[in-house]
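K.L.:
Residue strings, one per chain:
There are 4 protein chains.
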Amino acid sequence: MNDKTVAFLGLGSMGVPMARQLIEAGYAVTVFNRSPGRDAELLAAGAIRAASPQQAVTPGGIAVSMLSNDAALLDVALGEHGFLPRLGVGLHLSMSTVAPETSRQLAAAQAAHGGLFVAAPVFGRPDAAAAAKLWIAQSGAAAAKLRAAPLLAAMGQGVHDFGVEPGAANIIKLSGNFMILAAVEAMSEALLLAEKQGLDRETVADFFGKTVFPCPIYQNYGRLLARRQYRPAGFKLALGMKDIRLVRAVAEELQAPMPVADVLHGKLLSALARGRSEFDWTAIELDAAEQGGVDVRQ
Amino acid sequence: MNDKTVAFLGLGSMGVPMARQLIEAGYAVTVFNRSPGRDAELLAAGAIRAASPQQAVTPGGIAVSMLSNDAALLDVALGEHGFLPRLGVGLHLSMSTVAPETSRQLAAAQAAHGGLFVAAPVFGRPDAAAAAKLWIAQSGAAAAKLRAAPLLAAMGQGVHDFGVEPGAANIIKLSGNFMILAAVEAMSEALLLAEKQGLDRETVADFFGKTVFPCPIYQNYGRLLARRQYRPAGFKLALGMKDIRLVRAVAEELQAPMPVADVLHGKLLSALARGRSEFDWTAIELDAAEQGGVDVRQ
Amino acid sequence: MNDKTVAFLGLGSMGVPMARQLIEAGYAVTVFNRSPGRDAELLAAGAIRAASPQQAVTPGGIAVSMLSNDAALLDVALGEHGFLPRLGVGLHLSMSTVAPETSRQLAAAQAAHGGLFVAAPVFGRPDAAAAAKLWIAQSGAAAAKLRAAPLLAAMGQGVHDFGVEPGAANIIKLSGNFMILAAVEAMSEALLLAEKQGLDRETVADFFGKTVFPCPIYQNYGRLLARRQYRPAGFKLALGMKDIRLVRAVAEELQAPMPVADVLHGKLLSALARGRSEFDWTAIELDAAEQGGVDVRQ
Amino acid sequence: MNDKTVAFLGLGSMGVPMARQLIEAGYAVTVFNRSPGRDAELLAAGAIRAASPQQAVTPGGIAVSMLSNDAALLDVALGEHGFLPRLGVGLHLSMSTVAPETSRQLAAAQAAHGGLFVAAPVFGRPDAAAAAKLWIAQSGAAAAKLRAAPLLAAMGQGVHDFGVEPGAANIIKLSGNFMILAAVEAMSEALLLAEKQGLDRETVADFFGKTVFPCPIYQNYGRLLARRQYRPAGFKLALGMKDIRLVRAVAEELQAPMPVADVLHGKLLSALARGRSEFDWTAIELDAAEQGGVDVRQ
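Quick mapping for you: the protein sequence lines, in order, are chains Z, D, P and W.
If you count the first sequence from 1, position 270 lands on 276 in our numbering, and the numbers rise without skipping.
If you count the second sequence from 1, position 48 lands on 54 in our numbering, and the numbers rise without skipping.
If you count the third sequence from 1, position 229 lands on 235 in our numbering, and the numbers rise without skipping.
If you count the fourth sequence from 1, position 76 lands on 82 in our numbering, and the numbers rise without skipping.
Hints listed in this document are in silico derivations from the structure and should not be mistaken for laboratory results.
Any given hint could turn out to be false.
Copies of the same chain look alike in the list, so a pair counts if it works inside one copy or between any two.
Unchecked claim - With a cut-off of at most 30 Å between alpha-carbon atoms, the simulated DSS-like pairs for lysine-lysine come out as follows: (1) LYS10 x LYS248; (2) LYS248 x LYS139; (3) LYS139 x LYS242; (4) LYS202 x LYS242; (5) LYS216 x LYS139; (6) LYS242 x LYS216; (7) LYS202 x LYS10; (8) LYS202 x LYS216; (9) LYS242 x LYS10; (10) LYS139 x LYS10.
Bound-form chain Z, shown alone (with noise of 0.2 Å):
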């Protein structure tokens, strides 16, 4: 097995640039993506396209996946030119934003063939993908993380361990998720309140950046808040729902109840009810003005 030959599945806004930094450590890079036209900066650095998943990976080899949602992971795996059988014996290292049951049926189904699997998605934007800057969350058998370190060194700067279960890792990034735009909301309430008592909205949020909140999240998602600066979108509010929805999916089998996400949920489906899934995600604002009385048409 030469793992410095490896696939990668999945050319969006992340992938790219996480497949790039392959390229530049090394790896020989075959690449894939369900819709075309997305590879020629890839290719102009070296990497070969494939027609299909299956001719993407090599037998026993390494496939990195980087898809939209549970539903493009599963058919580059499994569906009618997966690459999941051909892949056989080698690790997929599936670094999608997904549910954990996707990462414990495809983690089975590779173990099936004899094969490897680690979860491992990641937080950063774009930009951080582009300078190796991404955290990363893993999760899987001991064996899969070991041959997946050098690829995870070469896309983050560091790999934080969540155990030997499939999905925990995605877990990890869904309560991230969570989490962020958790604090969106929580901005949007409180900029909201400063706006009706007759307070700039910059200089608040600029405010809590720079003394309670000095952290990127608050500062930039602040930023974007105060000035209701919603597009072009950074990361979709359609995306965003599919992420929360995952969050309450797993709430739900895990039986733990989670207020603050039913109260994001409803701010993303009144947000889609309206016609903003091409908005940035925190344009879950919005509402939160409208039902303040505060004229916001844009």
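Please build the complex by placing chains D, P and W on the supplied structure of chain Z, with the hints as guidance.
P.N.:
Frame of chain Z, contents of chains D, P and W only:
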């Protein structure tokens, strides 16, 4: 008028180190506290004890107040032995966490005597006060803020201005405490999810504090929440309830719906109903745990 | 003491028909209202107009009050021209929807004069009052309720007793209005679901009123909600907010978390922020519609 | 085609009395249940036992289904021994409480065989079924409803039509169960308030059932809630969760935010986490009690 002499009213866990900073900065400080026995350290450092709020202040001088709630502040300023009339044309520097309406009332009452008022609530715990590292939000008339500036400089690491409306800074303070407790609740829900999946709470909290939320609120509260370490209280739950109650009152007055504030209020109320008023306010987490069927008897 | 002579204070849409019932039952009624011009019908029926609450009552007699809120009631009873001291050892029959604390305060103040107090809030709209079909909840001392009994019999179709604690009946009244508005919100959410599925709102509301919920609240409010017929108001949204605000205050005092009350408060607050204070309180439905993306501009 | 012969699939606490009504109305009924031993009463009344769903039906005949959830219904209709293909051009009268999507799927599958489908979920408990007093909501093609009419007349006291979209009647059923549980939660919160004031729960529930809410839902559930009488279950909490889960799924699909449904789901989830799946669904009340600090260990 001699601005190197000030009265300091309210010697709680915040008031003592704040008054201490003023002494160290060269101010002659006369202190008053409603319950006895809190001033030993300050007297040893050179402070003078007054028998009543009225006796503590100098006509035309400066009074700094740091009380635990609106009623206490109103009593110290406007009660039978209140300082406000005697302070007269002087400056009241009001640093308590109170309702904006209380600031408006006190500003108007001081103005009726030709005096000045600044609301200047602070962010930071006692150790930050002891290191003159408080973050301060201020609001009030320009002349009042000008006169207050040296004192604020002696107590904090930065002063942020929110204009001339006396209650504005109080809204900032309340909003900040709301956002902090919202973060606590979000962490509580995320940690419950992780715990029910079998993950270690401390590992999870540590991960988020190092990656997505690298700021003290998430790091320090995350650790307390992970360990369910709610006694002794850093900030008592009963005081947290006071703050969220004020947030809801302001939200109603300004017609700003705040669903997350309602969630937090419900959690605090449940904690009080179960006898947890002396726990740290992060103990709202226990409601999440109980609703999730986790045995948390302490 | 002549119990066939009573003072009636508060001539709103409920007070007028209630006073009318007393006249028809043979009582000599002296009336007072804070704003003029509401007593024409009653004067024509034989009532006498008093120039102040104080002048309306007879020492040792009976005063019936039906005001729109706590402040109005306290002013009429305890204000500059309040009736309470002159009523003295008489009976105050307090029928307004107010806080239990207000009843406790008024009962204590009347007792200080050797007098009696009954809280006797009512369920029913003006047409029920005009037909002496009100449902009445009462609480207070036994002697007070004994003396109040004939008057209550003249105004209602049934009196239900909730003991000697003066505020108890107020809690029943507030609880009832809470449950009514909770039913309104549940219907609003169900009708939104049906509407978005393409079903006819009136058909759906009619079905539930005839089958699962065959009671007037669901039948009548269901019809209004189905038609989004919010003006003219049967019960103004601003008054509904007063009631739910009192519910939340009592819930906090008694440490009883009420998440549905919080949902209702948020809906009412949003409606007020959008300028709907004069709409019927069922207009909280518009928030559900707007959050669901339904165009409901009225 | 002989419409006096029908297959009845699903012999739970509702299915048995419903099938019984058909027998009493003169139908020849062949029964099937997935777990054995539920058909004794029906066999004694003349029913015939089938060994599989497939064997129960007659090609071109009528199949009535009353299963406990979507998976069971889909298995009986479309599973290995499912009746749907053999029923062929016949009529499937589907009376379970299931997702509208399940009805759409079954209607399309039956149509592919040239057959008919009616969704006809019912309101009422087993005693109502035993008295042919069910309320029935129906939706489906006109020809299907025409053929179903005599059977529905034998089982219910009224059939209400919601058009041709197969899933519409399911949305009505789910909405109804949602409104019932919302009433339960509102009563729970009101009774907690009264209890913490020292009032008697039964007196309060009785008052509301006789005055403001004179309908069986409030009267009967009010009594159970007042007494905290949650076992044996009339309708199991786990089944209630299934229904509210479906409500939330439909709400998401139709983009209709339902905050009260989220409150109910949280209460159900908490009850399941505490081991109350076999309690009556009204046992969501215990969460209110616990949050209010009332000792309710059962």
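K.L.:
Now tell me if each hint is right for this structure.
P.N.:
Going through the hints against the structure:
{"no.": "1", "hint": "LYS10 x LYS248", "result": "neither (34 Å within a copy, 49 Å between copies)"}
{"no.": "2", "hint": "LYS248 x LYS139", "result": "within (24 Å within a copy, 42 Å between copies)"}
{"no.": "3", "hint": "LYS139 x LYS242", "result": "within (21 Å within a copy, 39 Å between copies)"}
{"no.": "4", "hint": "LYS202 x LYS242", "result": "both (28 Å within a copy, 24 Å between copies)"}
{"no.": "5", "hint": "LYS216 x LYS139", "result": "both (23 Å within a copy, 13 Å between copies)"}
{"no.": "6", "hint": "LYS242 x LYS216", "result": "both (27 Å within a copy, 25 Å between copies)"}
{"no.": "7", "hint": "LYS202 x LYS10", "result": "neither (58 Å within a copy, 38 Å between copies)"}
{"no.": "8", "hint": "LYS202 x LYS216", "result": "within (22 Å within a copy, 35 Å between copies)"}
{"no.": "9", "hint": "LYS242 x LYS10", "result": "neither (34 Å within a copy, 56 Å between copies)"}
{"no.": "10", "hint": "LYS139 x LYS10", "result": "within (21 Å within a copy, 52 Å between copies)"}
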